[in-house]
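First to last, the protein sequences are chains A and B.
Sequential numbering of the first sequence, starting at 4, is according to the numbering used here.
Sequential numbering of the second sequence, starting at 4, is according to the numbering used here.
Calculated directly from the structure, the hints in this document are not laboratory data.
Keep in mind it's a predicted model, so treat the numbers as computed, not measured.
Any given hint might turn out to be false.
For chains that are exact copies, the list does not tell them apart, and a pair is met inside one copy or across any two.
Unchecked claim - Lysine-lysine pairs mimicking DSS-like chemistry, simulated, CA-CA at most 27 Å apart: (1) K170 <-> K98; (2) K183 <-> K49; (3) K183 <-> K155; (4) K155 <-> K6.
2 protein chains.
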Amino acid sequence: MLKELVVKNRSYRRFDENVPISTATLRELVDLARLSASGANRQPLKYLLSNTPEQNALIFPHLAWAGYLTDWAGPAEGERPTAYIVMVGDTAIAKTFGCDHGIAAQTILLGAAELGLGGCMIASIQLAPLREALHLDERYEIVLVLALGKPKETVVIESVAAAGDIKYWRDAQGVHHVPKRALAEILLD
Amino acid sequence: MLKELVVKNRSYRRFDENVPISTATLRELVDLARLSASGANRQPLKYLLSNTPEQNALIFPHLAWAGYLTDWAGPAEGERPTAYIVMVGDTAIAKTFGCDHGIAAQTILLGAAELGLGGCMIASIQLAPLREALHLDERYEIVLVLALGKPKETVVIESVAAAGDIKYWRDAQGVHHVPKRALAEILLD
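Turn these sequences into a full structure, and let the hints guide you.
Shown next, in the form of structure tokens:
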């Protein structure tokens, strides 16, 4: 059931760094995105795969983690992602990318969840330094970075409280709580 | 396997209009989107459900269908969508919606595919007339319309030819052909 996969597919930010992700697996995940919808079928997105400690170390410092957890700078050594997929838009194909990156990122992460992996879409990126670190050609615009690994944290969905606060938070046991709006709140009459 | 669902989840534009989609089904589909990722967990998207002939008829004329099929104005009576999900961004929550609509739309359409249904993400919309037809409050910005139904056409994926043309086309038998770029083309070194 897709629903089980959707529920399993939480945004994970801490991983078991002993579990690598192979290039073959990353290619399979990108292939799922390749076969998905793209605005006017232009397919302007391209993907840079990273799964070596060396290349991962080039990417990690340029990502911002969990904006609402102000006393947490991001995953410590030993719990960092073991792979990344850097998603870029090829401006030689299109100048804007609509919501193609959302379609692709969600498909990739659902695929990762099916494999017992997990990850997080990161849009808060130091763009210029990351571009430089990866020697990305100017024609490519970074749109999203997917951090991937074997999740090593518990993430629970709960209802948004009456006050309406949607900020996720982490409890004393390290469980990550994510308030989701109720169905009734997001349906228009 | 998610891959089977991804392959099954083509963009369909012609439907068996004898097959309705219940409100309960539409709610289940939106619930999948509700449980999915949202930038900074803001969850600014809201959803208007339509599955009556009367309301569907208000929506249909404001959508543009299959831009590359220049001699086809859209599905004829009898093959039109039996439901729509109008996706809007609530500007009281956020001013921009990132790629949330891509995440949500893909999740909904994968859910539809699992049920033997199908649809199409439509971004080419006459915004002001549709807003008026639906009496949408000014705070809601239409971001995408999902057309849904029981598909009544065959859609095949093929490789982009050497010339690089990504335009989809329909053959004499009415089969819809969608050229997808090869994996090698979308992976960066």
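Verification of the hints:
no.: 1; hint: K170 <-> K98; verdict: between (33 Å within a copy, 17 Å between copies)
no.: 2; hint: K183 <-> K49; verdict: between (31 Å within a copy, 13 Å between copies)
no.: 3; hint: K183 <-> K155; verdict: within (22 Å within a copy, 36 Å between copies)
no.: 4; hint: K155 <-> K6; verdict: both (22 Å within a copy, 25 Å between copies)
Of the numbered hints stated above, none is contradicted by the structure.
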